[in-house]
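A.B. asks: Listed here are the chains, written in short residue letters.
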Amino acid sequence: MPALLAAMFGTAAGQPVPVPTVPAIPTAASQVHSPDVALLPPANGMRRLDVSWVALRNCTVYVKPGAEAMQAATILVRDGIIIAVLPGEAVAAGDAPAGEGEAAKPRYKASRVPIGPRVIDGTGLHVYAGFIDACVEVEAPAPRGDKSQLHWNTKVTPQRSALDGGGIDEATATALRKLGFAAAAIAPKGGVFRGRAALVSLAKPSDDPSVAKPEVYRDNVYQFIAMETSTGGRGNAAMWGSYPDSQMGAIALIRQTFLDGQWWSQERERGTGVLGVAALDYVAPQAKASASAENVRSATQVYLLNTESELDVYRARKVADEFGLTYMLLGSGLEYRRLSGVRAEPTSTSKPDSPVTKDSNKDNLDPPQSVQLVLPLNFAKAPDVSSVAKQEATDLREMMAWEQAPTNPRRLHDAGVRFALTTSKLKDRGDFAKNLRSAVRHGLSADAALASLTTTPAAWLGATERLGTIEAGKAANLTVLDGPLFGKTSEGKLSKVRGVWIEGKWQEVIAAPVVCEGIWDVTIPADKRPVVRRLEIDRDNGVTVIRDDKRVKATQVVAEEGRLTFTFDHDALDGEEGICTMAAVVQTAGEPSTKLDGVAAPSRMIGIGVSGTGKRYDWIATKRPASVAGVWPIFLDESKEFMGSLIITDDAEHSMIGLAGQPAAAVKNFIHSGSTLTFDIDRGGGAADSVRARTSSNMPGEKRGGQLKGVWRDATAKETPWTAQRREPNPFIGSWRVTELDGKAPAEDAAVLTMKVAPKAVTLTFTKGEDKPIVIEANDVRFRLGLSTARGKSKSAAAAARGENQGDKDPAKSDEVVPNNNEADAEELKNENQDTVPEEAAAPPDADGKPVPAAAAVPQVTAPGQFSLRFTHDLAKLGGKGKSSDRVIPEFSPAGPQADVLVGQGTLPDGSVHEYKASRLPPDGAANSETSDDEEPISKDIPEKIGVPFGAYGLTAYPEPAAHTIISNATIWTCDALGKVNTIERGYVYLRGNKIAMVGSGDPSVSVPQGERSVYIDAKGKHITPGIVDCHSHTGISGGVNEGGQAVTAECRIADVTNPDSVSWYQQLAGGVTAVLSLHGSANSIGGQSQTNKIRWGTPSPDDMHFEGAAPGIKFALGENPRRANGRGEGEAGRYPATRMGVEMQIRDRFTAAKEYNAARNLDNRTRRDLELEALSEVLRGERLVHAHSYRQDEMVMLALVAREFGFKIGTYQHALEGYKVADYVRDYSGGASGFSDWWAYKVEVQDAIPQAFSIMHEQGVVVSLNSDSNELARRLNVEAAKAVKYSGTDPIDALKFVTLFPAKQLKIDSRVGSIEAGKDADIAIWSGPPLSSLSRCEATYVDGRLLFSIENDRLLREETTAQRLRLLQKLLSEKKRKDKSKSSGDGGQLSSPAKDAKPPVDAASDTRATSIEEAQRAEIKRLFIQMHNSGVMPQQQGDCGCGVVHLMHD
Amino acid sequence: MLSLQFNKTRPQRMAQGRPTDRRARGLGLLSSLLVSALSAMAGGQDLTHKAPPQTTPISLINVAIYPVSGPVIERGYITFDRGLITAVGAGQPTPAPQGAQVIDGEGKRRVYPGLISAYTQVGLTEIQAVPQSIDIDEAGSVTPEVVAATAVNPDSTLIPVTRSNGILTTVTFPDGGMFPGQPSVIRLDGWTTTEMTIRRSVGQVLRWPNMRTFTAWWITDSEEDQRKNITRDLRVVETVMEAARSYAVSKSADPTIALDLRYEAMRGLFSGNQSVTDSEAVSGTEAANGSSTLFIHANTVDQLHAVADLAKRFGQRVVVIGGREAPLCAAVLNELHIGVIVLGTHNLPVRDDLAYDDCFTLPLRLQQAGIPFAIAHSDDTAHERNLPYHAATAVAYGLSPEAALYSITLQPAKFAGVDKSLGSLEVGKAATLLLTDGDVLEVTTKVESAYIDGRLLDLSNKQTKLAEKYRARYKQQTSPDK
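These protein sequence lines are chains A and B, in that order.
For what it's worth, the working numbering labels the leading residue of the first sequence as 1, then goes sequentially.
For what it's worth, the working numbering labels the leading residue of the second sequence as 1, then goes sequentially.
No lab work stands behind these hints, which were simulated from the structure alone.
Watch out, some of these pointers could steer you wrong.
What the hints assert, rightly or not - Below, a sample of chain A positions facing chain B; criterion: calculated Cβ distance under 8 angstroms:
hint, residue
1, E985
2, T1139
3, K1221
4, V1244
Don't be surprised by glycine CBs; every beta carbon is placed ideally from N, CA and C.
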C-alpha cells in the first residue's frame, strides 16, 4: 500500500477534472455516519479522520447491467457515498490533439470539480458496482436462553442470527474481496431452521475500536432453511443419528415446525401461550398482535431454502408453496438437469410474492412463474479417465456433469430464471471467477452475469437503495478490474480484479507490478555519446543490457515500488573487469495524475552505476515509445461494426484495408507521439477521414496485444468512437479444412483434406475413412502478407506486419517469408506478381534495428488479395507424379479481419488447375495463442438437449401414448379379476391412449377401428401380461430410506423424496415392472408413510411418479429390525422397544395417543396439529393402509389382535415369511401378505421361511404377492412367481397374479392395474416367451400407453450412450493433454485434499469426533463396499431395509 | 446422494462374517451380531437321512439324456453300478442290465449330471446374521493353510435344500482375507466330512487387492492414502508369492528345512506336486488330480492385467473369480489360458450407463471372447439352489442352452480338477446325476430324484417338512381361534 498511499496523497490535490455539473457537497466531512456511534469507545489516541473525498477519473464505468459503458468517466465519492458519476470523453482534454476538436467540444469547457477531492487516475480500469454474494454461510453460536423458549430439536434455531457470532471471518471476507465482492448476505451455518441472515459490508474492520464497524446494510434478509440430516450413527439413539437422519425426516420437521409456527401465532392472538420470545415466533406467519414478536421480525419474512440437487428444487418448492412462503432457493448448480423445476408454476395455488418488500426501484423483468435462485458455480471436476480401468469406472453421467455444468447459468437465464450468484458451495471459493468466466464463455451474457452479481441480489436482499448500481446516493462499493469483466485487458490478458472500494475505502487485491517493459536508451551524461547502451526489459522485469551487438542478461534484478536495480557482467559487455551494479528510480514523466494502483507507465529512469573497478557514474534512461506496428482491426464502439483494419508498419507507410466500399486506402499524415496517434484516411478524390487514437498504457512490444481507442471523424465531421485490438497479422495461421473442390462439395466418401498452417510450415493431411491418414509437408512455403506499399520501399513493412520488433535484424526477411529460400521460386513469384505489385529491393534496417527512412515515392495501396500463401507439395504420396504448386488467398469475412475462408488454386504438372475452398477449423487447444492457459476451448459439440433423467437412458421427450395401439397374435395372460379367462391364445390387446380399450382373440381388425394414427404390432409368438406390480420397493428414494431418529416416524413421507432419476427404474421397466409400493425402511415399529408409484421413466416432475388416487400407506415393522436386535452395541442405552413385547406396546401407545388426538381435534380444531398422530388417525379411520414388516407368526398374530382392538384392518403383512403358519389370521385381519419367494436363512427370524409359504397362504384364501425389496430382484419378479409353480404346483395363471393382480389388490389399485381388461390403464409387458419361463425376457413395457421400454428403443439409447461416452472420453483426454501442456507453474487446484473437501458441512453439534469403533467400522465398511463394488454386486442393492445394516442407497 | 447407515458394533465382530460376494441384503456383516444363545438355534439341524451306498445296478430308461460332454440323446438310457456310470446310450439298453433296478422315464424325464457349484460357502455357513454359524474367515489376511473341507458341517440345513434342486457337488471356498485358504470339492451327502470330501484341496484363493481409488461419501482417506494402501496391499501379494515360491524351491532341494504350514500349503502352486496337506488327506472315491490352482478374485481391467502378470511370472494355473471386465482383457487372459468363474448373472450393472442386461450377458461375452467360464452366483449361500437360474438368465439374453449347462457342470469340474469323475454323463464317471421333469434351467422344472455316486438321495428337507406340517394345520382346522 505505500505506493498507493503515496500516489494518492502525492500529486493529486488540485488537479482539474472536467465535469459538467457538480452536486452540492457538504464541506465538512462527516466522518461519523454509523448509527452505532454511541456504542463505540472514544478514540484512544489520535482520531482517524482519513480523507474520504475521492475522484476516480478516466475509468470505464458500468453504472448498471445493460447500460452502456461510460468511457473516461469520473466517479466522485464522499464519505463512502457516491456523489456523482460524470461522463468523460474518449480523449481527455489534456491529450486532445492541438487545433483539433476543441471548438467542436463544448463539453470540455464545463465546470470543474472544486479543489478538494483526491484525484486518482483510473486509466485502463473498468469499474462496476460492488458485487454482492447472496449467501455466505458463517458460524453462529447456538441460541442461548430460557430452555422453555428453545425448540426441542437442536436443528431448529430460527431465532439465531448470523450476526450473533463474529460475523464473517476475515479470511472469507478477503477471499470474497479478491473476487470483487463488496457485500454479502451472511447466513448461519448448520441446522434445518438455521436462522436469520444479514447483508453486510465486506470492508476490512479497522483495528481501532473507535472507528465504526463495517456496515450492516440490512438485517434479517431471510431465514435460512435446509433439509439437513444428522450423520448416520452419531446421534444419541443407539444406532441411528439424531432426528432427522433422513431427508424425508428433515422435510417432516420443516412441515411440522411451520404448522407449529401457525399454531403459535394463533395462540398468541388468543392471548394464550408462552410469554417472551421463543423460537417459534420466528417462523410464525404475520404475528400481528404480538408486540414481542414484532420486535424481532420484519414485516414479511423471506426464506432461503437450500437445495442440493435438481430434485430438491421440487421438494423445497412443494413445502414452501404449502405454507405460502415468500422464498428464494439456494441452488445446487444442477438445475439444468430439470429446468421445469425452477421454471414451472408453483405446485400449490398460492403463488409466492416477490421475496422482498416492494421495491420501487426494482425492474419488472422478474418472470412471476420463475423461482428466485441463489446460484452457486460449483462445477463438477473432470473425471480421471487416463487408463482403461479408470474409463471403465467412470459413468457417463459423471462426464456429462463435467461438460454441462458451465452451461447451467446460461440455460437458466434462457429459461427466464433470474438468479443471484453466490460463491458458496465451491470447494475453493477462488474458483468462482474462473467458473463464472467459463459460464460466460458457455453463453451466459455478460449483462446477465453482472446483474446476478449486483442488481439482482441487491433487489432480493432489499438493498436496492444502497447497493447494486453506480449511482449518486448509493454506497461507494465499486469493483475495479484492469479490463472489462469477462474480457481481456489491453494487453490481451484476462481481466483481473484489482481491488474493491467498499464504503469509499480502497481494498486492494492485486498490487500492479512495476512494469518497466520496453526498450530503454541509456545515456551517461559524463559520456559524450548520445546512446551508450540499451536495456531491454520484458514484462517480468527480465533485463538485458545491450551495447552494440553485445547482449548480457542482467542478474539480481529487483523491481519494486518504482525502483529498479540489477547487476550484469561488465566484462562481457564492456570488456571491463567485474560485475557492474546499476540502480535507478523509475519516473513517470509527463503523466499528470496518479494511477489508481500507484504505477503510471514509466518513461524515465535516473540512477547510478558502479563498475567492477569502483567507478561510479550517473545514468539516465528514456523509454522508446512502444511500437504500434501491426494489424489493428477497428470496430466501432456503439454498433460493433467493423471499419477495416489499420496496418501500421514501422516505416512511415501505413494503410487501411477492408474499408467498406474501398478495399484499401492509404493512411496519410500519420503522427505517433507518445500515447496518441493521429492520421487521415485517404478516401480518394481528395476526401479524407481524420482519425485520432490513444494507445493503451503498457503497449506490449509483441506482434499481438495492446489496444487503441480512438475517434473516427468522417468528411461530414461526424465523430464515432472506436476500439481496436492488435491481432495476428498473418491470416493464414491456423487449421483449415477443404470444403469445396472445383465448385463442388467433396463426395461423402472422399478423402478429407485438412491444411495446417504454421508461421513457417504447411502440413496437408488427407484422411479417408479408417485408413491411415496421408500427411504431406509442403515445400517452398511463402507468405505474402499484403502489406507492402510501393516500389522501392523498405521490406520491413511486412516484417512489421509479422510483428517483428525493430531490433529484428534478419536480413533474409522479405515480404514473402521463404523458409526454404528457393531462388528459383522467388524469381517465379516475382514474375507472377509483376502485374500487381512489383517486387522491391530490400533495404535492410540499420544495426540498431531502426528502419531506414523510406525513399519518397507515391504510395501504392495494396488490395486484400495481396495476402497470399504459396507452397508446393509432392504428389508421390497421393499416387501422382511431380509437384502441385498452390496459391491460396483469403476471403475476408465482413465481420472481421481474420479470414474464415481461403480460396486456393493448385496447379498440377500437367498444367491443369484445381480450385478449392477451405474453411477455418476451431483452434485445437494449446495451439491457439488467443486462448489463455486457464481457459478451456469451448467445443461446439456440447449437446444442447439434455435428456431426463440426466445421464444414460434419459429421454429428451417424455413419449406420448399412441392414439391407438393394437398388439395382436400374442398369448395374453389377462390375470382378470374374476379368473374367467386363463390365457388367450392368438389374442390381441387394443390400447387407446393411456387405457386398455379391448382385449380379444383372433383378428383384431374385426372389432378394432382402423385408423391412420394406429400402431399395429404383430406379436407372433410373444406373450403379454399386465405390468408387474412390486409390492415392496426402496428404489428411487432420496436421502435415506429410514428415518431412524425417532422411535415413531409416522410423519415422514416417502412421497416427499421421490427420486425419478434412479437408473434402476429403467432397469425394472426392462423387467416388465410398471408399478411399485415405495416403502419406508423398518427401523421403527411405526415408520414413515409409503407411496405407490408408477414407473414413469423420463417424466419431468418427480411427483409425476406418484400413482394418482392410490391408497395412502404407512410402514410398520415388527421383530428384529425395530427392536434392533441386529444392531445393539454394547453399553448403549437402547431405545424402546428392544423386544417383540415392547413393539406391541409401542404401537398400542401410539394408537391410543392418536385416538385422543382425534377426539381433541374434533372437540376444538384449534388443537395443535400433530402430523405423526394425524397419520395414525388416518389408519384408525381406515384411510391409510398399514404395511407391516413382519417375519414370525407370533408378531403377526400380535398385530392382528391390536388391529382388531383398534378397529382397523391391516393393509399388508410385508415379508410375512412365517405367514404360512397363520394364514387364517393373515386372511382375516389384513389385505394379504407380500414377501420373498424363496429367501431364507439370512437371519434368525427367517429360519423357517419356506418357498411354499405364499402358495399355502393362497390356498387358504389369502391375497398374496411376491415382491423384490431389491433393485435387482425387481427385474425378475415374473420368474419369482414361477417358483410358486415349482414348489407348490400353483396354477401358472394364479402364480402370475402373485406379481400382478394380487399386489394391485393389496394396494387398492386393482381397478386401474394388475390385469389386462378393458378400461384399465394401458400398463402391460410383452415377453419373448411364457412369462414364467426363466428363459424368457421382457421385450417391451407400456405405462399409461406410453412405450417406456422396448428392445429397439433400448438399442438406440445404448448406441447414443456409447457415442456420448466415446465423445466425452476423447474430450476429457484431449482436455487433460492440453492441461498437462499448459501446466507449468504447478496448478495444484485439483489435488486438494479430498478427505477435507468431500465432507458435506455438518453442524457443530453432530460433528463430534468419531470414536475409534466408528473409525474401524468405517474402514471395514469401506473395504467391503469396494469389494462389492468391484464384484458388481453393489451398489444399488438395498434389500431388507431397516435391519440396521450396511445400506447403500443409490440415489 | 448415497447414504450410509450402520450399526455401532464392535470391530472385532465386524471382522467376521464378511458377505463379500453376497448381496448386502440387509443382513450381512453388521446384523451378524446375535447373542450367543441363539447360535445353537442357528446351527445345522438337518434331520433327513444320508443315502445308503448303491447296492444294485440302476438303469434309467426312456429318458432324455444330457451328457454335456456330447450331444443330447433324445430318448435313451443310462445305467450305473457301484457308484459309477456303466452305460449310456440311445434307445434301449442291450442287453438289459442284469438284476438292475429299472426306472422308466416314460419319455418325459430328463437326466443331467449333478450340477456343480463352482464357488460357494455351502457347508461353512448357516445363518448369515449369526457369526457363530459362519465359518469362512480365519483371522489374519494370509491364511493359506486352512482347508474348507475341515469345517463342512454334514448336518447343515442348507445342504438338503441345495441338493433338492440338483446341485450335488460344490466347490466350497473359505473367504475373507487376502489368502483365505484352500477350497475343497464337496459332495452334498455324507455322514462325515471325510465322506463328503471329494478333493480336499483344489489350490489356493487370492483376493486381489482393490486397485482403484474411490471418491465417495463413505471414503475418508485421501486419494494419496488410498494409493499408498493399494501399493501396500499389492506388495503383500508379491511378498507372499515370492516367499512361497522360495520355500517351495528350497524345500524340494533340501527337505530338512523347517516345515512352515503356510507355505507348505502353497507348495502345490509351484512344484506341480501336491502339498503335504493336500496329498495326505484326500478321501472319498477319488484321489486329487491335477496340479493345484490359484483362484483369484478380480474384476476390473487393472486387476485382471495384474493377475495375468502374476500368472505369467509365477507360472500359475489361474482361474479368475468375478471377471466382470474380463471380456475387455480377452487377449491377455487367453494367452495364459485363464478362465473365469462368473459370480452370477443376477447382479446390477456397476455403472448407470451400462446396458441393463450387462450382467445377464457377461457369460455370452466371455464365450464370444473365447474365455472358458463357469457360472456361480453371488447370492446368499442359502440361495445356492437358484444356481441354474443364473445360467438360465444368460440363456434368455443370448447364451446357448448347451453353453449354459456346461457352465454349471463340466466347466466347474474342470476348474476344480475333478472333471475326470464329474461334470458329465460318461461311462466310468461317478453316477452323480439327476432326473427331472423338464429343462433343468427352467424354474418350473422339478428335480424328481437325484443320485450321488449311485446313492439315491432323500430330496426332502426342512422346508418341505414345514410345508407339510402347516398344510396339515389347515386340514385339521375347523375354525381359527379368534
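A.B. asks: Now look at each hint and say whether the structure bears it out.
C.D. replies: Comparing the hints with the structure gives:
1. The interface hint given for E985 (chain A) is violated, since its Cβ lies 19 angstroms from the closest Cβ of chain B, which is over the 8 angstroms cut-off.
2. Because the smallest distance between the Cβ of T1139 (chain A) and any Cβ of chain B comes to about 13 angstroms, over 8 angstroms, the interface hint for this residue is violated.
3. This hint holds: K1221 (chain A) has a C-beta 5 angstroms from the nearest C-beta of chain B, less than the 8 angstroms allowed.
4. Taking 8 angstroms as the C-beta cut-off, the interface hint given for V1244 (chain A) holds, the closest approach to chain B being about 6 angstroms.
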